[in-house]
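So the protein sequences, as listed, match chains D and F. Heads up: the first sequence begins at 451 in our numbering, then just goes up one per residue. Heads up: the second sequence begins at 3 in our numbering, then just goes up one per residue.
Among the hints, a few may not be true.
[Stated by the list, open to error] Straight-line distance between alpha carbons at most 25 Å, and here's what the computed PhoX-like set of lysine-lysine pairs gives:
1) F/341 to D/871
2) D/640 to D/656
3) D/705 to F/333
4) D/635 to F/233
5) F/233 to F/253
6) F/233 to D/703
7) F/253 to D/683
8) F/253 to D/703
9) F/331 to D/705
10) F/341 to D/703
11) F/341 to D/635
12) D/705 to F/253
13) F/333 to D/640
[To be verified] Partner residues are not named here, just some residues of chain F that face chain D (Cβ under 10 Å, in silico):
14) 51
15) 66
16) 79
17) 81
18) 221
19) 285
20) 289
21) 332
22) 352
Think of the hints as simulated: they come from the structure by calculation, not from any bench. By construction, the Cβ of each residue, glycine as well, lies at the ideal position given by its N, Cα and C atoms.
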Amino acid sequence: MEEKKLRNLDEATIRFAGDSGDGMQLAGTQFTNTTAILGNDLSTLPDYPAEIRAPQGTTSGVSGFQIHFGSTEINTPGDSCDMLVAMNAAALKVNLPSLIKGGSIIANTDGFNDKNLKLAGYSSNPLKDESLSTYQVFEVDITKLTITSLQEMNLSSKLVDRSKNFFALGMMYWLYDRPLEPTLKWLAEKFADKPDIREANIRVLKAGWNYGETTELFKVRYAVAPARLAPGKYRNITGNQATAWGLMAAAQKAKIDLFLGSYPITPASDILHELSIYKNFRVKTFQAEDEIAGITSAIGASFAGALGATTTSGPGFSLKTEALGLAVMVELPLVVVNVQRGGPSTGLPTKTEQADLLQALYGRNGEAPIPVIAAATPSDCFNAIYESVRIAIKYMTPVICLTDGYLGNGSEPWFIPDYEKLPDISPHFRTDPEGFFPYERDAVTLARPWAIPGTPGLEHRIGGLEKQNISGNINYEPENHELMVHLRSEKVARIANDIPPAEVEGDQQGDVLVVGWGSTYGAIKTAVQRHRAKGHRVSLLHLRYLNPMQKNIGEIISRFKTILVPELNLGQLIKIIRANYLVPAVGLNKVQGAPFLAEEIELKIDELIKGH
Amino acid sequence: MNNLIENISLQSQPGSKLKYTAKDFQSDQEVRWCPGCGDYSILAQAQRIMPDIGIPKHQIVFVSGIGCSSRFPYYMDTYGFHGIHGRATAIASGVKLAQPDLSVWVVTGDGDGMSIGGNHLIHLLRRNIDVNVLLFNNQIYGLTKGQYSPTSEKGKITKSTPYGSLDYPFNPASLALGASATFVARTLDRDPKHLQSILKRAHDHKGTSFVEIYQNCNVFNDGAFLQFTEKETKDDSVIYLEHGKPLVFGKEKDKGIRLNGFSPEVVSLKDGKVSIHDLLVHNETDTTLSFILADMTYHSHMPRPLGVFLSIERPTYESEMQRQIEFAKEKRGEGNMAKLLNSGETWTIQ
């Protein structure tokens, strides 16, 4: 047999694509975990339809999972992929535009029969005509090979069919020189009680690997060396898992119970799922009857001394609006996570967007300021939520933590933080009845005392009606209302004194400053780095704090000739930047339910530089 | 917080002497309901029974939504939370689940509890969280000045229904039973002794207690319950449900309720054809019977049942939640965040 060549790559981007029932998300996740364990830096983009089983074989039912991994720093899931696994014709049709010219396609020939071609809208078979001549196409009858490898097992045809993703996975493991062990271990644990499924998947996985090894089809396989990340211990983590763990870590550090009131909603439900496992971590999860009960039960729990939290996405966030106002009025700690998705209304449940920023900042009746914090990467969700809890407890305020579908479902290697070194965020519950007033404020933070039921002598009443300053009694006097509006506003504004100054990545002054927030970080960073490599004077300012903003933002902005604000909306942060700092910032906006490609930002920067 | 909670549980040990009077439960806030409002009586009875329930007042929380009745917590010298419209039951759920040792009360109305908050109410009831719900039913919207409510009789002429309301009213007791409540009772503002006894029963019940309180709104719906409260009519219009006793009513105690198939009927004990032994005997633990009795409510030829329809035992949500927490701790050990962060698949870069 001919010796296969092993080619070294700095980075690679592959995409698994198939029907929504083909198990592409699972194959992608397994490939990701194995790749993480190998020490590559990586970034992933799961992309799936909102329907559980969209019409089989059609383009609307295609589910994809892209992973970008390398021995270098990886900031995005990749603008395009080098290798596409297409389980059927529709998967090819949908994903071909993302494949680089000259890229490779592994096509499951069984998925290109007449019926599949028709469903995908092909008039002729792309594997047979010349339309793929600029690509390298490997035709593999994955379905048949899967059936063959399971012949002796006497399994139902349904179970056999559902194993074919493991054949594709095994082949990709061979092609990219990854070990099978992590997935074998996972299968052993996951299907410990289902020996049939476990054995079938193991056989098919190995068959896929062996096929790569023995077939004449593949002449080359690829090696991607471990990344030179900072020394330390790493794990792979998704944004939603990081959010859940951040909440748990915060509750543990604060030495109070975490109460999560939540209603299932895509793409936020995984936070609820994750927290539901860890009841031994002072976690109480409450699947409420609706979004409103989710947040109001959390407010009730906070009143009683727990860390109240609620997790949701766009439409659910809208439903929580009135209760957010209540939380502002009663001044209790509360953390609200909005895993943003495409809107308005039900919108694009499984796709990402950043269009809830203005709603988070302003979407309430009355003057109702709420601190807003955004996560930049999947693992950064941990830091963002931890910081949200810190502020919520210290300032006795609801805090909105914005992530999005891309961050929530996406994953990356995470430098495991030293739990002991996380900041102390313990609350100071009021216990002394002497001179107690429910709305007397801390001189520095303006926070009111957290006086919880069960504390003798502190019986008091709170509610949504305007409070008299200090006493907390109902009060409708004009001067008092104005004072309270100012106090609530000032309390949130003072948080700016308690957060680190913003830092510019790149030169401290120059031609273009790209100002971003949230999940666009990776794409912006890549685009900025490419320009800097060309010697352009381009820098990056990525905002974690959307309200209040860090005190040095205006000063930083003033040092650059042009301000570019890329956002996955029609221009929301840019309104704030323009209003607060009176600069003619330029926007770059995309609302396709997908993250920015680095290239899109790169081109926009090009255009701005040429304009100078 | 841990110490705090330990202190609390020490003080709620049975047998601890608490020498409160009703006055101890009056807050320093001026009560601002309309003069003559039925709410005054309910407030007074609640304050009267509080010393008897044996709970230190710092362990009592009153939660309300929006409406006239929902001002209630401001007038109780306990912990209180005046929430937003319809959500008191959800807020109270969070309070109770965060601190299961607290005595948690919800004060709501027919609008707050049955209309905007209907969803939360039924879910609280099915979960059986140990919260006492006092639903003040005046069959009208008071705070918004007189629109019909979900318990207003059909055809009600109000500002928003000048030609009469079209909606068939809820029967709160039936709704609560339908939501699998474990304690359902009805009482009224003008019968202080009965009201007090029902409030105490509600407190004693482990699980959600649902108490419908007929309450007169003398401004927008005056006399809605006159028939059940006035001397001349009440004895013939009301039947008091008492556990283990036959259903007898009437000024002369000469009428009773007998079951004909599944349907209750009024029978006379006067002519000797029917004896007291033929009558339906109330059993608070009989779920089926509770539905039959609650269903008598809007039948004009039937006396209006007051008292405890149902009182049964079912594990509370919070006790089950605690059981799961204990189970998780037993199975996985006390949560250790540093260990968790480093668990599973990890790798080290030198």
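When the nearest CB of chain D is found for residue 51 of chain F, is that gap smaller than 10 Å?
-> The hint is violated - residue 51 of chain F has no Cβ within 10 Å of chain D, the shortest such distance being about 17 Å.
Restraint outcome when residue 289 of chain F is required to lie within 10 Å of chain D by C-beta distance | violated (23 Å)
Sort out whether residue 703 of chain D lies within 25 Å of residue 253 of chain F, counting only the CA atoms.
-> Cα-Cα ~66 Å, so violated.
Satisfaction of hint between residue 705 of chain D and residue 331 of chain F, Cα-Cα up to 25 Å | The hint holds at about 16 Å.
Take a quick look at whether residue 705 of chain D and residue 253 of chain F sit within 25 Å of each other, Cα to Cα.
-> violated (62 Å)
Minimum beta-carbon distance criterion (10 Å), residue 352 of chain F to chain D = holds (6 Å)
Chain D contact restraint on residue 81 of chain F - CB to CB distance below 10 Å = holds (4 Å)
Closest C-beta approach of residue 332 of chain F to chain D relative to 10 Å, hint status | holds (9 Å)
Holds or violated: are the alpha carbons of residue 333 of chain F and residue 640 of chain D at most 25 Å from each other?
-> Since the Cα atoms of residue 333 of chain F and residue 640 of chain D sit roughly 18 Å apart, the hinted pair holds (cutoff 25 Å).
Does residue 79 of chain F pass the interface hint, meaning its C-beta sits closer than 10 Å to a C-beta of chain D?
-> OK, holds: residue 79 of chain F within 10 Å of chain D, min 6 Å.
Pair hint residue 253 of chain F and residue 683 of chain D, alpha-carbon separation not exceeding 25 Å | violated (83 Å)
Would you mind confirming whether the straight-line C-alpha gap from residue 705 of chain D to residue 333 of chain F stays at or under 25 Å?
-> holds (21 Å)
In this structure, the hints that do not hold are numbers 4, 6, 7, 8, 12, 14, 18, 19, 20, in rising order.
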